[in-house]
Structure formats: structure tokens, C-alpha cells
Amino acid sequence: MYYTISFALMIGFTVAANVFLKAGAVVPAAERTIPGVCDWRTLIGFAFFGTSAIIYSGVLQSMPLNMAQSIAASQFVAVILASAVILAEPIPPLRLLGILLIVAGVAVVSVSGKRSDASAAIAASHAEETPH
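Our numbering applies: residue 131 is where the sequence shown begins, and numbers increase by one.
These are computed hints drawn from the structure, not numbers from a lab.
Glycine is no exception: its CB is placed at the ideal position from the N, C-alpha and C atoms.
Each hint should be verified, as a subset may be incorrect.
Pair by pair, the computed Cβ-Cβ distance ranges are [as the list claims (entries may be wrong)]:
hint: 1; residue 1: Ala159; residue 2: Met131; range: 42 to 50 Å
hint: 2; residue 1: Tyr132; residue 2: Val241; range: 27 to 35 Å
hint: 3; residue 1: Ala155; residue 2: Pro220; range: 14 to 22 Å
hint: 4; residue 1: Val239; residue 2: Gly166; range: 36 to 44 Å
hint: 5; residue 1: Gly235; residue 2: Val215; range: 19 to 27 Å
hint: 6; residue 1: Leu211; residue 2: Gly188; range: 18 to 26 Å
hint: 7; residue 1: Pro220; residue 2: Leu173; range: 25 to 33 Å
hint: 8; residue 1: Gln199; residue 2: Glu161; range: 22 to 30 Å
hint: 9; residue 1: Leu230; residue 2: Gln199; range: 15 to 23 Å
Work out the full structure: start from the sequences and follow the hints.
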């Protein structure tokens, strides 16, 4: 449950960060909070990315990087879907196929992680039962 909540928060903050960065990027340079550089929305986007990184760092304390990064790839799907819903950006069929491949990959990695954990637990219990 910890991992599910952590990844949901991380992905949520990453999606929000990307949407705010996009919103700040389209503000004309003369109207930006820091003239010519960035808008307040851009600054919020950076803060959300930082929050996402802190949450991800917490996940990495107890999960292998290869598994965590594979599951974190869900953020790409979430950002594409959010850009379609919030920003009305189209999702062409080929990109939709890519989204489905990412979802399938995340599912495979998630299942393989559960099987690895179960296999490790079984091996550990057998090792304890075997006399040395």
C-alpha cells in the first residue's frame, strides 16, 4: 500500500508539474513574473517536480532502482492523458499504441517484482530449514 500511494503521489505531482510548466511556457515573455525568464506557473511546476523527487527518493530507500524506475514510467502515460484532458492536445493512434506498450511494460515489471519477492521469501524459508 505504501508503494501504491507513493507512486500515485509522485505521478500526480509530476503530471501537475508538467501542466504548470506548459502553462508557464506559453505566457508571452513580457507578461512573465520574472520578465523574459519564467512565469509563476513555471515556478509552481518546479516546486511540484521537487516534491515528486522527494517522494521518489523515499521509494528508492526500499525498492530496487530498476523496478522503481520501470513503474515510474507510468508518469509518461499520465502526462500524455493529462495533456489530452486539460490542454486538449490530441493523442494520435501511434502514440496510443506507445501508451499501451508502456502500460504493458509496467504491468510486467510489477508482476515480476511480486514474483521475485515471493521467490526470495520461499528461498529464505528453505534456507532456514536446511541444516548447515
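Each hint tested on the structure:
Judged by the Cβ atoms, the range 42 to 50 Å given for Ala159 and Met131 holds: they are separated by roughly 46 Å. For Tyr132 and Val241, the hinted distance range of 27 to 35 Å is not satisfied, since their beta carbons lie about 18 Å from each other. In this structure the hint that Ala155 and Pro220 lie 14 to 22 Å apart at CB holds, the actual value being about 19 Å. For Val239 and Gly166, the hinted distance range of 36 to 44 Å is satisfied, since their beta carbons lie about 43 Å from each other.
Between Gly235 and Val215 the beta carbons are some 23 Å apart, a value that agrees with the proposed interval 19 to 27 Å. About 25 Å separates the C-beta atoms of Leu211 and Gly188, a value consistent with the hinted range of 18 to 26 Å. A hinted range of 25 to 33 Å holds for the C-beta pair Pro220 and Leu173, which are about 28 Å apart. The given range of 22 to 30 Å is broken by Gln199 and Glu161, whose C-beta atoms sit roughly 37 Å from each other.
Range check, Leu230 to Gln199: about 20 Å between beta-carbon atoms, so the 15 to 23 Å window is met.
Hint compliance for this structure: hints 2 and 8 are not met, and every other hint is.
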